[in-house]
Amino acid sequence: MSVTTLPQPFSVLVVDDEPALRKTIRASLAASGYTVEEAGTGGEAVGAIQRRPFDLVLLDVNMPGMSGVEACRQIRAYAPRMGIIMVTVRDAEEDKVRALEAGADDYVTKPFRFRELIARLGAVLRRTRTDLGAEPGILRAGALKMDLEHHLLWKGSEQIRLSPKEFELLSFLMKSQGVPLTHVNLLRAVWGAEYGDELEYLRTYVRMLRKKIEDDPARPEYIQTEPWVGYRFRDPSDPDQAPRRHDDE
Amino acid sequence: MQRFRMHGWWRTAALCALGLLGTAALTLVAFRLRLGFGVVSFCYLLLLVVQSLSGDFLSSALVSFAAVGCLDYFFTDPLLSFEVMSPFDTLGLVSFLLTGLIITRLVTNVRARTESSRLQQEMLQQLYDLAQRLLALEPDVKTGEQFLEPFLGVFGIRAACLFDAANAEVHIAGSAGESLEKQTGEAFIHGKDYEISGKEFSARCILVSGRTVGAIGFEGLENAQLTAGPLAALVAAHLERRHSFVHASRAAAAAQTESYRTVILDALAHEFKTPLSTIMTAAGALREGGTLGSYHREMAETVESEAARLGRLTSRLIRTARLEREEVKPWMELIDLSSVIADTVDQYSRLSADRSIAVVKECETSEVMADPDLLRLAVSQLLDNACKYSTPGSTVILKISREQDQIAVRVLSDGNPIPSSERGKIFDRFYRGLEGRRLGPGSGLGLFVARKIVLALGGGLDLENPSGTASGTAFRLVLPVPENERDHVATAV
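As you go down the protein sequences, you meet chains A and B in turn. Each residue of the first sequence is one higher than the last, beginning at 10 in the numbering used here. Each residue of the second sequence is one higher than the last, beginning at 1255 in the numbering used here.
Calculated from the structure, these hints are not laboratory results. Keep in mind that the hints are not guaranteed to be accurate.
[Claimed, not checked] Stretch-level coverage of chain A by chain B, calculated; a stretch enters the list once three of its residues show a Cβ under 8 Å from a Cβ in chain B: (1) 27–36; (2) 156–167; (3) 191–201.
[What the hints assert, rightly or not] Computed cross-link-like contacts, SDA-like style, restricted to lysine to any residue with a CA-CA straight-line distance of at most 25 Å: (4) A:K154 x A:S246; (5) A:K32 x B:L1345; (6) B:K1583 x A:P236; (7) B:K1583 x A:E46.
For glycine and all other residues, C-beta sits at the position ideal for the given N, C-alpha and C.
Please model the complete structure; the sequences and the hints are all you need to start from.
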C-alpha cells in the first residue's frame, strides 16, 4: 500500500508507556499525513482528549497505572464517536473482548506491521467519519448489495434469499464493516438484550450465511472469524480491510 | 520418685529390719502392759498392714512370721515358751498367721499394681515428651546425632545408636560402649530384636509399613521390654515423616521450577513484543515512505520481515509454553484443512530454504471441524520436526487423504527412522530422542503439544510404521469429518 496524503489530516493520539514505540509510531504516522500527539499513560490520554478532540486514539492495553481498558471506557464516555483502536498482545483474547466491551472499535496485536496498523486506522476512520455509504438504505461490500428497506440481498446479479434473522445478522455485520463484533454484541443486537451466551445460535447462523454468500464457505472472504472474540465483516474489494494474516503464529 | 530408686535386696533388708524393730517394740510395750492375746494380735495385724504398704512381700511375710512367734512366746500359755497347751491357742495362732499372710499378699499386690501403673504413666509421659521433641525437629533433619540427642536421658539411656539402611549410615549419640554399634548392626542383619540384660543393652528393628528400614540400639535403657518397642516406633515414625517430606519437597521443587520456567518464558516473550513492534513500525514506515532507493527499500523490507519472524517465533514459544501447562481450549469451526496446510507450508518454505516441501492432495474436499490457529500450530510443529531431522536438500511431503470418516495428513520425511525403543516415548513431555539431541537444541515439547492439540480437536496423531521404505519417518494426523458433511464428502470423492 502506498502512502496517500490525506486531504484533511486526521488527528491521532498515540498512548503507550514505551517511549520508543510511541515516538516511532508518531514519526511514521506523521510521515503518512496524520497529525499525531502522544500520551504516556491512560490518565494523560483522558486529559488530552478533554482538552481537544481527536479523530482516533491508539491505546495500549498494558500500561502501568490506569489500564488501557479503563482509559478506553472513560474516553468512550466522554467522546462517543471518537475512533479507538487498542493495542493488545496475541493470546490475550480476554483483553480483546474487554477492550471491545469497553467501547473500542478495533484492536491490533503486537507485534504488528506498519501497513496493518495503517489499514486498521483507515477502516475505523472511514466508519466513524462516513457511517453508511453514499446511497441511503443500500449497503455494499464486494459483490454484495443489500437493500435495507426492502430486505433484499444480491450477489452480483443473483438475488440471495435470506431468512429474517439471517438478514438482520448480515445487515448488522455489514453496517460494521472492517471492525470486530463480539459474540455478545451480535447476539444482543440481533436476538435481543436477554441473549448473550447462545454461541451455538450464532455459529449456526454464520455457517448458513457463509454457505449462501461465500464462494468457498471453508475459506470465507466476507465473514471472518475472530477466535474467542467474535466475527468481523470485511469488504474483499477494500485493501484497508485486508484479512488477518496468519503469519503471526 | 527418685527416692524409691534404692530398689532390690537392700530395700528388702532395710524393710525387714524396720518391721522386726516395730514388732519388737510392740511386743515390749504389750508385754509390759500385760495385754491379752486378742488385743495384741489385733495390734500385730495393724503393724502388718502398715508394713505391707511398702509393697515388699518378703519383708511383710517375715514380719508376720515374727509376729506369730512373738504371740506364741509372750502371749500364750505357757508364757515365755514356744509350747502351746490349748488347742484354741493353736487355732488362734494359725488363723493369725493365715490372716497376716493374706493381708500382706493383698496389700502388697495393690501397692505393686499402683507402683507399676505409676511407672507406666511416667513412661508414657516420657515417651510423649520425646515424641514432642522429635516432632519439633524440622522434618528435613537427617537421622544424625541431632535426631538422637532427645533420646538421651529418657529412661536412663546413656547412649543410642541408629543404623539407617536407606543410606547405610550409623549414627551414635552419648557415650557408647564398644559393642553398641556392632549389636545394632546385628539386629538389622538378622531382623531380630536383641536384649542383653547384663550389659543393659537392647536393640530393636525399625519397621516402616512391614519393611525393616534400620535398627536402633540403646545402652542403659530401663524397662527395656516395655520401652524399647515404643522408642523404635517413634524412630520409625520420624523416618517415615522425613521420607515423605523429602518426597513432597522434591515434587514441589519440580513443580516450582516448571512454573518459573513458563512464567519466565511468558514474560520474556511479552517483553519482546514491544521492541519488535517498534522495529517493525520503523522499518515498515521507512519502506512505505517512498523516499528510499530500491536497495534501501529491500533492506528495510528485510528488517521488517525478519522482525516479524522473530515475533512469530516468540508467539509460538508463548503458545507452546501455555498449551503445555494448560488445557487446550479449541475454538471449533468449519475449515478447509488443505488451505490451513497451504498457509503453514507457505510460511515454512520461506523459513527452511534448503528443504523443499510438497503438498499432495489425494481427496477433493478436506473440510473439518477444527480450531484453525491450533491446527496451524500442530502442523507447524510436525513440519518443524520433519525439516529439522531430514537430510538437507531432501523433500518433505505432506499427503492429505480421506480415510472413511476422517481426513488424514501424513508428514513424510527421509530422516533416520526413529528407533523402536524411542517410538513409545516421542510424544512424552520433554522427551528428546538421541537423534534430536545430536542434531541441535529443542524443548522436547513440540510433539507433546502437537498431540495434545490434535486430541483436543477430536483427532489423533501417531507415528506410522515405515512401510515399503527402509528409512524415513511418517507422522499421521487425523481429524474427523463433521457429521453433516460426511455424505457430501463421500460422494465427492
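Here is what the structure says about each hint:
no. : hint             : result
1   : 27–36            : holds (count 6)
2   : 156–167          : violated (count 0)
3   : 191–201          : violated (count 0)
4   : A:K154 x A:S246  : holds (13 Å)
5   : A:K32 x B:L1345  : violated (127 Å)
6   : B:K1583 x A:P236 : holds (11 Å)
7   : B:K1583 x A:E46  : violated (40 Å)
Hints 2, 3, 5 and 7 from the earlier list are contradicted by this structure; the remaining hints agree with it.
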